[in-house]
Amino acid sequence: MADEVGELSSEFASVRVRIDTDGNGPRLRVEDLRTGHVGFLDPLELETLAWLPEGGLHKLLDPSLHRWRAEDQER
Amino acid sequence: MTSAAATIPWDELIEHDRVHGSLYTDPDVYAAELERIWYRTWVYVGHVSEVPEPNDYVLKSIGPQPVIMSRDKQGEIHLLLNRCTHRANLVCDAPKGNSSAFRCPYHGWTFSNTGKLLGYPFNSGYAGTALKSELGLGRVPRVASYQGFVFGSFAEDGPTLEEHLGAATDAFDRLVRLSPTGEVELTAGWLQHKCKANWKMLLENETDGYHPQFVHSSIFSVAASGIGDLYGEKSTAVCRDLGNGHTENDLRPEFRRLDQPLGWFGTDPAKVPDYVDQLTAVHGERTREILVDGSPHVMVFPNLFIAEIQLFVIQPTAVDETVQHVTAVQYRGAPDMNRRMLQQTIGSVGPAGFLLADDSEMYERNQRGVQARNPEWLQIKRGTHRERQDENGFTVGDATDEVPQRAIWKHYRSLMEA
Ligand code: FES
Ligand SMILES: [Fe+2]
Chain Y
1 MADEVGELSS
11 EFASVRVRID
21 TDGNGPRLRV
31 EDLRTGHVGF
41 LDPLELETLA
51 WLPEGGLHKL
61 LDPSLHRWRA
71 EDQER
Chain H
76 MTSAAATIPW
86 DELIEHDRVH
96 GSLYTDPDVY
106 AAELERIWYR
116 TWVYVGHVSE
126 VPEPNDYVLK
136 SIGPQPVIMS
146 RDKQGEIHLL
156 LNRCTHRANL
166 VCDAPKGNSS
176 AFRCPYHGWT
186 FSNTGKLLGY
196 PFNSGYAGTA
206 LKSELGLGRV
216 PRVASYQGFV
226 FGSFAEDGPT
236 LEEHLGAATD
246 AFDRLVRLSP
256 TGEVELTAGW
266 LQHKCKANWK
276 MLLENETDGY
286 HPQFVHSSIF
296 SVAASGIGDL
306 YGEKSTAVCR
316 DLGNGHTEND
326 LRPEFRRLDQ
336 PLGWFGTDPA
346 KVPDYVDQLT
356 AVHGERTREI
366 LVDGSPHVMV
376 FPNLFIAEIQ
386 LFVIQPTAVD
396 ETVQHVTAVQ
406 YRGAPDMNRR
416 MLQQTIGSVG
426 PAGFLLADDS
436 EMYERNQRGV
446 QARNPEWLQI
456 KRGTHRERQD
466 ENGFTVGDAT
476 DEVPQRAIWK
486 HYRSLMEA
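Chains Y and H, in that order, give the protein sequences. Here the first sequence is numbered in this note's numbering, starting from 1 and rising by one per residue. Here the second sequence is numbered in this note's numbering, starting from 76 and rising by one per residue.
In isolation and in its complexed conformation, chain H is listed as follows (with noise of 0.2 Å):
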């Protein structure tokens, strides 16, 4: 097979403060995003927290790839891929259970949840058993976890879990920090929201800091709620370059101006204070200065968006189609926060939600704008003036800058060319 990826000139799509309409709605730029990103670097798949016990399982996916996450009896994690050897029908499709082997309904052949194919009903079809050593299933060769969030990927080598995270393993320990027993677990429930977008605009938008004032101007209103500010022109929070295409929205400047523990999230310690007397007995002094940080807004490159407190897993399903998993961040052994986390995952991203529906709302009207090739840039330069190193030498720029969108698409750029 021909790669998809080497017949199209990124560098005459791709410049460094505009990206060509194109890249949104060509289905020959997504099979090459299949090949190059999805099918090739680390993919967020799903948290150990999701299979507790041996022999439990969940259905996730990679792009368009069903796959199964399966703990076996030893507590090992395996990365299966949802597809009858015989003729290709979904082995599993519940999206959890436990069980030590799965039985293909269409007929009968039997895995266990280690991939090994157990046997076939009416052997003497295939006169005996030697298919049952070739014919175990599809696996994702490489999978590594991180503060137990599972990725995989679909090359045998290449860089390391922690060399593709890179700098956004930060994002991971400052999640867990907030956690009295250092763990997240997922165990709230995901909502799936489907729309009809390509799945850059959404990447693009999880960091962007210009467009919340706007777009959701009507859930800071009502809620009274101080977001909105953190992304104004005053505000001295600032959007970052992780590298790896992992971008930030760093609003811990503000925060620390603010100097409210637990600001962050709307509320105060003496609402939460049983958290916040596990927490100051893990950390002590440094209580406060956590509780004032808060949780990070990071873009996990290519498809976990951790924000604050809910994670969105972002999954392509065909050019101009993406599908939303979400779910609220819960910290292990902490009730009283997990229950308000909850709620306002419920208020903001749920089914009456405002801000996912907001959000939603424009991924779509970005989709059939981009349709018209007149002009065919999208312009992505804000902020180029005034772009900086921090301290760390990563690059920065203010809050309602273009810094991450520059940094996805460069990241993007190198990929595809590879």
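In isolation and in its complexed conformation, chain Y is listed as follows (with noise of 0.2 Å):
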């Protein structure tokens, strides 16, 4: 089960947002719909998100942290 929220593009980025129920709790379901990608996003890790400070997520931003590096090279 789970609840459409919407779809949010920009020239960067294309996301649907979902609130998922299939697990004991609920969770935000973000799907990349320019590679089928789905990642989730629980209660806690939202809250934590609204709490960010300026460039918060500006390590996860590099291109270079998990998607695209070699896969030898290490973290």
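Watch out, some of these pointers could steer you wrong.
Computed cross-link-like contacts, DSBU-like style, restricted to lysine-lysine with a CA-CA straight-line distance of at most 35 Å [to be verified]:
1. Y:Lys59 x H:Lys271
2. H:Lys271 x H:Lys485
3. H:Lys207 x H:Lys148
4. Y:Lys59 x H:Lys171
5. Y:Lys59 x H:Lys148
Sample of chain H residues facing chain Y (criterion: CB under 7 Å; computed from the structure) [unchecked claim]:
6. Gln149
7. Asp168
8. Ala169
9. Lys171
10. Ala176
11. Thr185
12. Leu193
13. Gly194
14. Phe197
Hints were generated in silico from the structure; no laboratory data involved. Just so you know, these numbers come straight off a predicted model, no measurement behind them. Note that the Cβ used here is the ideal one computed from N, Cα and C, for glycine as well.
Make one complex out of these two single chains by using the hints.
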């Protein structure tokens, strides 16, 4: 079960967001519409996002962090 | 790199009452203007209302250079050059959006909306992350705003924005005073008109009071507008040199003589009662005077034309090509007035509008005419014999005189010879 929240697009990304209730508690399901890749965020993770300081996501926005990195490269 | 401006004999091309035709056609002159004007002095870029929320951004320009105006999470406004520091792709392409970071579509380099390089794909190719601290987006070094209007200057130091605006600050004050909240919003959207003419043809025309009765006679007759008479031989309106290349057609003497609140806008208070009530709540007894005086008609050098209820931004893209960006002024919190200003703007400068089409035709004909090299000069001497100082010491002339054109060229020459 997943309630559609909506789709959000910018020139940089397109995602579909749903509230997923398949688990024991609700989660936000985020689908990358360009690749079909799906990720989940639970309420505590979302609350953390709400409190992010300026630049709090900068590390995660580095393309080399995980998505575009050589397989054998150490983290 | 040697300076283009240093090799041109400005004193031989610009005289008090005539200017040489090559100033509109010579690519070296254009290169010198980029160096001495567009990439040095204060240039209007955008308005704070165009990036109302944290992480909003809009695409703007300074001359041919593409600029991103962003508002960061703290609310601070940045002017970043829209050029990837890898191999120069445009980082942003959408005219506006909301994003804390920008990812270049070419190879994925990713920047924060403050210009910091956050990373690039497959960083082992760069032997680590050392590049990151060096290759942030270029930025316009100085950013300042007045009444919400954001300007940028590529010079690390020099006059402050308020010093540059000088007496023209009054135009902004008068503009926002007509808004019941004291704020304007540029939220009506922008029209862009490309025309094959040198940018100075536009700059000089915006406060030319000699042409309206001629070029715009058809719209004045169709609209049964009294505007034409404001620029007639009997008009008590004046044109004014505000200093620093800023110029004005001051129509207030005529509006005061006619003594009609909102007459400048072609309407009367009964048609916009909410607006008049709101304004009265703020200004009390002075409201009538404010509504009689109307909105400014001021050309802020080099690129922002405050045209009563519209704004024009002049963007040179080549020596013989200019883009005009046009929007309707909107007063924050005054929907009845805003609707009318938008309608009038669409009628005068929209795709089917008369006013801008008439002017653009003249610009392009001017540009073709000025290719002829005999005679070599353009005459700007009209009204030289009746120039005078007003009570504040500014040079003024009659409504149809060429005081503004002489003022523009005087300032231009001082910048080019600096
Ligand atoms: S040009 Fe932008 S990532 Fe290569
Ligand atoms: Fe390719």
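*Which numbered hints does this structure break?*
1, 9
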